[in-house]
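Q: Residue numbers (full-length UniProt numbering), protein chains in the order written: chain Z, 1 to 190; chain D, 1 to 496.
The hints are simulated quantities; they were obtained by calculation from the structure and are not laboratory data.
Please note that the accuracy of each hint is not assured.
To be verified - Just some of the chain D residues that point at chain Z, by a computed CB distance under 8 Å:
1. D122
2. F256
3. V257
4. C324
The C-beta atom is built at its ideal place from N, Cα and C for all residues, glycine as well.
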Amino acid sequence: MSKSEVKIYHGAIVCKEAKLRGDVTVGSMTVIHPCATIIAEAGPVVIGDGNIIEEQVIIVNRLPENGETSEETPVLRIGNNNVFEVGSVVESTSIGDNNVLECKSYIGPGVNLGNNSVVGAGCRLTIPEQVSDNMMVYGKNCARKITSDKPPNQYLQREFLTKVLPNYHLLKKSRISASQGSSQTKEDKG
Amino acid sequence: MAHLLQQNVLVVCSCGSLKPLTKLYFCRHCVVLRCGYCVSQEVDSIYCSNCLENLASSEAKLKKNRCGACFDCPCCFHTLTIRATTVSRINTQPEGSPASASKTSVKSYYLSCFFCRWTSRDAKIPDQPTATSSNWPEHENPHVARISSLIEYYKIITLRERLEKENRMFLHSSRRNYQHFSEKFGLTAMLARKRAGLPPLSLGRDDSSSTPQVTPAEASEEVEALPENIFSEPVNVLKLTSLPQRYVIPDLQPEFVADLFPIHKQLFIKRSQRCKSCLHNIFKPEYGPASIKFKIHLAAYYYVPEIRIMEMIKAKSGKATELCLKISNPAQISTQIQFLQLIDVPEESPQIEVPIVDEKKDDTGDKKSLTGVTTAQKKAYPLEKPRIVKYELNSEIILPNVTFHLPARDDTAEYDDSSESQPTPDHISVVWKKGNKLVVKFSVIPNEDLVDQDEIRIGFIMRYTYHDKIISPLEQKEGKDVNIDVRHYLNVGSIE
Ligand SMILES: [Zn+2]
Ligand SMILES: [Zn+2]
Ligand SMILES: [Zn+2]
Ligand SMILES: [Zn+2]
C-alpha cells in the first residue's frame, strides 16, 4: 500500500484538520468535519457522494484482530448520502445509502448496513450480520424495528455545511475533477 | 451539582429517616425537619406534560387521566409529534386534455415518533386534513359495556355502604348537636343520589331488590387453540410486540407491531406538601403547569447550615486523622454553631405537641369548629413515633468545644473581590473562613477493629441558632432565637 493515497473528488469539503490516513477515497459533495478520523489500515476506505461525517467520528478499516490475512484486501465501502453523527464509530466493511448513524453509535467489524437504516444514539452493533434495509435500532437495549419512514433528507444540512465550513477552516485540496468523480461513483454503484 | 445528591452526609429527619439535607423540608411553624415520608402529599393540579393543559380533577377522571390531544408512541413510549406533509393531488377533468389536469397541493398530518420513527401510518391510520388532534381515530374498547355495568354496580354498593355506616354512626353517637338531625333522614345521601341520577334508596334498610344485578365473570377451562400456521411459519421477531408494548394498551394487547395504536398521554400532577403536625403548607408550587416557581418553598437547604466533606480521608484504624468539614449558613440571618456528641442529647420523640386527634376529644373539636376556630386542627394526622436510626457508627470524632459564628448569606459577597483581608480565625480549629462559609478541622479516630477498605462512619449533632420569626400572639413581637439540634451521620472515608 502506497503512503498517503488520499483521493478527494471535486466538490467534497474535507477540513484540513481531519485525519485521513492510508488509501482513502472521498466522493464528491461529501463533508468531513475537522476532528473526524478515517484510517485505511487493512485496505482502502471508499466513501461515496453526499455523506456528512461529523466531529469525533472514527471510520477504520481495521486489520483483523487475530492477525489473519485473507487473500483479497478488504475494502470498506460507504455508499451515498449517509450521516455519521458526532462520535460514531464504524469498523464495518460495508455501508449502503441514506443511513443515519446517530451520536456515539458503533458499528463493529463484519456488520454490514443496508440502506435507509438508522442506528440510534449510543446503540452498538457488534455481532457480524447483514442488517436489512429500513432497520431502526433504538433505545438502550438496541431494540429493532422496520420502519416505513425513510430517514430525513440531509440535503439542506449538507448545503449549509458546504457554505459555512470553508469560511472557518482550511480545506484539503481535491485532486480529481467532477467528471472523473461522477464516473467513479457510477462504477461504484455498478 | 454532585454535592446536592451526595449520600455521604446524612441528616436525621424528625421522623427518624436518614436523608441528605437537599431532600428535607423545614417546617417553620413546628421548627423541625420534615421529609417526603412524614409530610402529607396533596394533588394540586392535574396537567398534561406535553401541551401543558390544566384539567380539573373531575374532568381528568372522566378522561381516565389521559390527555385528549397528546399521544405517546406505542412502540417506545416517547411523545408523538404531529408532522405535516404536502400531498399533491391531480384533479383530472373529464375532457382528459393535459391542460385541464391541475395540481393542487394539500397539507395532511400524521403522528410520528422522533425517537424510533414509528408513524401513525404504520397503524394504518389515515392522514388527517387538520392539525387539531381531536379527530384522531380512537380504538374501541371491546369490554366497554361490561366495564360500565360493573362501575355502575359498585357505585351503588358504595353508596349503600356509606349510608349504612352513617346510620349506624348516628344510632350509637353520643353527640348532641343539631347538625345530625338533617343527617338522620339521609338527606345528604338522598341529595347525592339525586345528583348522580340514581333511583332513591329506601334509606339503607334491607332491600337487596334495588341492587342491580351483574353477571359474575366465569372462568372457562377451554383455551383457544393455537393458530395452524404457528407450527409452519418461521417466527419473525420484528413483527411481534414486546410485553411492555402489549400491556401499555391493556384493552387491546396487540400481538403484532402492525396493530399498535397511539396511546393517549398520561396526565401528570403537581403536588404540594403539608406538614402533618401543624397543617401548614411546606411546599406549594404555583398553580399553572408552565410555571416552575413555588409559592411556598421551605426546603431545609435554605434554613439549615449545610455540612460538606472537604476531602474524603484515608485513615489507619486506631490512629487519629484530620477531617475538614465545610459549614455554610444559607439563611439570611447569622447563626451560632456548636458541635455535640450524639450521646449528649438523647434521641427524643419529636418535640411536637400531639394535635387533637383522639376520638374522645371529638366533642371539643366540634365545638371549636362551631365557634369559628379553624377546623384544620381537627383533621391533624396522628404522628407516628420516629423510627430508630439504623446507622452503625464505627469511629469516634473529637469535636471542638467552641461556638462558631456564621454570618448571614450575602449573595453579593461572591462578586466582591476587595475583601481579600481574611478575618482572623476565632479558634484554632478553624482552617478557613469567608463570608457565610467556614472550614473546621476535626479529628477522627477509627475503631481498632476496622479492616482495609472499611468505611469510616461518624456521627455528631450540630446545634445552631434559628431565629423563629413566626410570632404567636401571646409572645413578644420580634420572634425568638431557638437552638435546633440536627443529628448528622457521615461517611467520611475509608481505612487504607
Ligand atoms: Zn421525615
Ligand atoms: Zn396534552
Ligand atoms: Zn417511538
Ligand atoms: Zn409543621
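Q: Could you tell me which of the hints above the structure violates, numbers in ascending order?
A: Of the numbered hints, 2 and 4 do not hold.
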